[in-house]
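Order-wise, the sequence lines are chains Y and L. Each residue of the first sequence is one higher than the one before, counting from 1 in our numbering. Each residue of the second sequence is one higher than the one before, counting from 1001 in our numbering.
Treat the hints as calculated values from the structure; they're not laboratory data. Given the structure is predicted, the values throughout are model-derived calculations rather than measurements. One thing to keep in mind: the hints can contain errors.
To be verified - What the simulated footprint calls covered on chain L by chain Y, stretch by stretch (three residues with Cβ under 8 Å from a Cβ of chain Y suffice, anywhere in the stretch; the number is not a length):
no., stretch
1, 1083 to 1097
2, 1133 to 1145
3, 1260 to 1273
Said to hold, decoys possible - Rough simulated footprint, nothing fancy, chain L against chain Y, three-plus residues with beta-carbon under 8 Å:
no., stretch
4, 7 to 19
5, 32 to 46
6, 92 to 100
7, 187 to 196
Cβ coordinates follow ideal geometry from the N, Cα and C atoms, glycine included.
Chain residues, written in single-letter form:
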Amino acid sequence: MRRSRRQRFAVNAIGVAAILLFAFPVYWMASTAFKQPGDVQTYVPKFLPIPPTLDNFVTAVTRPHFPDFLRNSLIVSVTTVLLALVIGLLAAAAVSRTRFRGRKFFLLLVVVAQMAPFEALLIPMYLIFRQTALLNQLPALVITYFIFTLPFTIWALRGFIDGIPIDLEESAMVDGASRWGAFRRVVLPLLAPGLVATSIFAFITAWNEFLYAYVLMQDTANFTLPVWLSTFRTAFGTDWGGTMAASTLFTLPVLVFFLLIQNRMVGGVTAGAVKG
Amino acid sequence: MTADGGAEANIGPAVTTVPPRGAPARRIAGVAPRRLLVYLPILPALVAFVVLLGYPVVLAVSISFQKMGLRELVQHTTVWIGLDNYRQILTDPTFWTITIRTIGFTAVNVALTMLVGTGVALLLGALNRWLRLALSVALILAWATPALTASVIFQWLFDSKFGVVNWALTSVGIFGDWTNHSWFDTGLSTFFVITLLIVWQAVPFVAFSLRAGILAISADQYEAARVDGASERQIFRRITFPSILPLFMILAFLSSIWDFKVFTQIWTVRQGGPAGETVTLAIYAYLKGITGAQYGLASAIAVVMVLLLLFLLIPYIRRLIRQQEAAAA
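Bound-form chain L, shown alone:
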């Protein structure tokens, strides 16, 4: 961001010293319009942000204070009801069950993703060239697979009758007989499959990023530690981990955001079923808003969801800022 500082002149140095070919015509237009001309290239993007992002945000907050259903929509009426939507949500035990479930689901997914991701990053460094290449290709396959495809594949893998997972578990023998076991009968078991699927897809990005971070650590540090007789474990604890900690935090932060609001995988696997046991906040907002046509209520859920996410991430954000400051000092 240092490049932005200071030089806030209206036109870059290149233009002022070299008269462009079309200069005479523009000079007639006068100084003020010419100054505004600089904004022309960013104008479409600016308009897009304001109209397609700013306006929906304002609308979301605004209808969260309205009674807005199909009737109000068709009759074009605006019925302000203050905090009623929020009151209704926050006093509904279902909402709290779903909120706690969403937080737990996010925590488990992020923890597993970071743990396995770190392990795989270290593994990439420990393997020989060919195995490392093979593992990289395997990771890229998992990463590149669209979330929707992955959700369909995992349902096939965990199919009760012909799924390869049930066959494998039964064949191993020590786990007992899994023939015709249905993975989607209970919420917990369904979440298990969804978590596997999400972690499978999320690990590659984390592993590759951490691997890049590890590679950026200077070899001298390792050399010195080895000369001093440090064990591999000590080296990881004292050198590798502290060096990649800032990156680790950012990745955990991004994963938390992604997992907290995940929709595609949960919806495609069982639409929040069985019996609503895998409904998370994102699914809940969809069910209330789109299926139930309670737009005001659903907007309030979305607003609460975003605020909750920000609130939960405050410790992270503060730590990130502190790290940035420490790095700058």
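With the rest of the complex left out, here is chain Y:
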């Protein structure tokens, strides 16, 4: 591709501008979080957090109930992942490795479930949890996030299992392994990357979810981190340093996990959509 020098310069300039625009909000969050509290609210912004400090983070984690919120978020997210993974793996393995009447219907059900507008089910879910005395209880969130993430989990794991040649299991079974034994010793190890990617996706979904957590959890002690962050004006007033430190803490695990699986995300989401 031959381009004149001027065109090259223009493209690079647009590129740099795009980099700055997309990275800046995240940079500004982290930068604000590490600034001296006195340097946060200035009429002329300070662009570098020099000298950096952890003061804002100390403010954030010593807010009332912070350990509760963190614990709630972790419990809910991890339980959701485990539940979705076990039940999803069973279904995915069955769909991928056995043939049964109604298999196509089941797959269709998974696709439809994946597209379900969960926001529209807020009222019935709220009423169901209310009637079963689960309102304001963490299990209500686990159940909700489990059903959010199950369709994707089944779909993704089925794709990963389909990618593992069935010959491997067959030869293990010729050597005397049971069907389950062959699956456990041959397929499961090969499936590890797929399991990790799928778990991370489910974890992020549960960790980030706001609407249901906001509606279903009513006592402050049962809030998850997103619900707490959404009320940052109550928690921090106008302390943007503390708010940004709390936001950074909440965002950091997601960023790390996301970087681990971002290669699979692009194909994954659209593949599910196309197949439907």
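Position chain L relative to chain Y; hints supplied.
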């Protein structure tokens, strides 16, 4: 989906040829239970779909035909009122204002997302290796940021007193003095910030997907076009765009669904304010249902919302199907 066709035998070929170790015990159980055993692994998922998804859907539709408030809830009474909830919504001018606002909001967000997303996808291809890597990292940062964090960050960026945006606009000089400008005083201005925030987060996925689509186009086509002396613009119009059009449509379709029902960003920024000017259908359903405890009415809003979304997306869906058929032919 081709793998599903035909072979609907009860058990996969692997099992029938190789007797599993536990076979004798199972043989005693007889043929029928064994056949049902195949369903055991999908049973938990199936039950979950029926109980946690099917039942709420049925309940949503059912209570949309009921008078259902706190009183009915506490007394466990069911008061059927037919289409009254729907009549009340559809004859309420507020509902129509909010509906049109939601459609407009979705259209603007999707259009901007697709436009910028396509631009960024092309930009990724035009940049040198290092800039491309840097832009990819920047995009991943925007994409990975939780919607809630993004909503909080943007409020800080657009803070009236100490926000960096007001400072930057004032410093540039040509835009006048933005000191202490409040971005959240009017609905339009609040929507402006919300749209920026949504587009900022939505562009990376669109850009990366389109970039993957562009990379999948064979290099020969470009080569041939260049040999024939086509300009870059012609190449984009004649080769790149037609090739990624199906993907483009799917991404626009997904973006429409996501933006139409978005809740977190709008709620976190101003709870539908100022003065209800940024209330969209998702916020409206929440306000009626959870805040106002009018569960029947809110369910009817949710049902109308889903139907409306389906209706608005019919042209898209038909086009997608046609494209799939064309691709299969």
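Hint check:
For the stretch 1083 to 1097 of chain L, the stated coverage by chain Y is not satisfied: 0 residues place a CB nearer than 8 Å to a CB of that chain, which falls below the threshold of 3. Counting residues of the stretch 1133 to 1145 of chain L whose beta carbon lies closer than 8 Å to any beta carbon of chain Y gives 11, which meets the minimum of three for the stated coverage. Check result for the stretch 1260 to 1273 of chain L against chain Y: holds, 5 residues qualifying (beta carbon to beta carbon below 8 Å, three or more required). For the stretch 7 to 19 of chain Y, the assignment as covered by chain L holds, since 7 residues bring a beta-carbon within under 8 Å of that chain's beta-carbons and 3 suffice.
With 7 residues bearing a CB less than 8 Å from a CB of chain L, the stretch 32 to 46 of chain Y meets the requirement of three and the coverage assertion stands. Requiring three or more residues with a Cβ within less than 8 Å of a Cβ of chain L, the coverage given for the stretch 92 to 100 of chain Y holds, as 7 such residues are present. Coverage of the stretch 187 to 196 of chain Y by chain L is violated [criterion: at least 3 residues with CB-CB distance below 8 Å; count 0].
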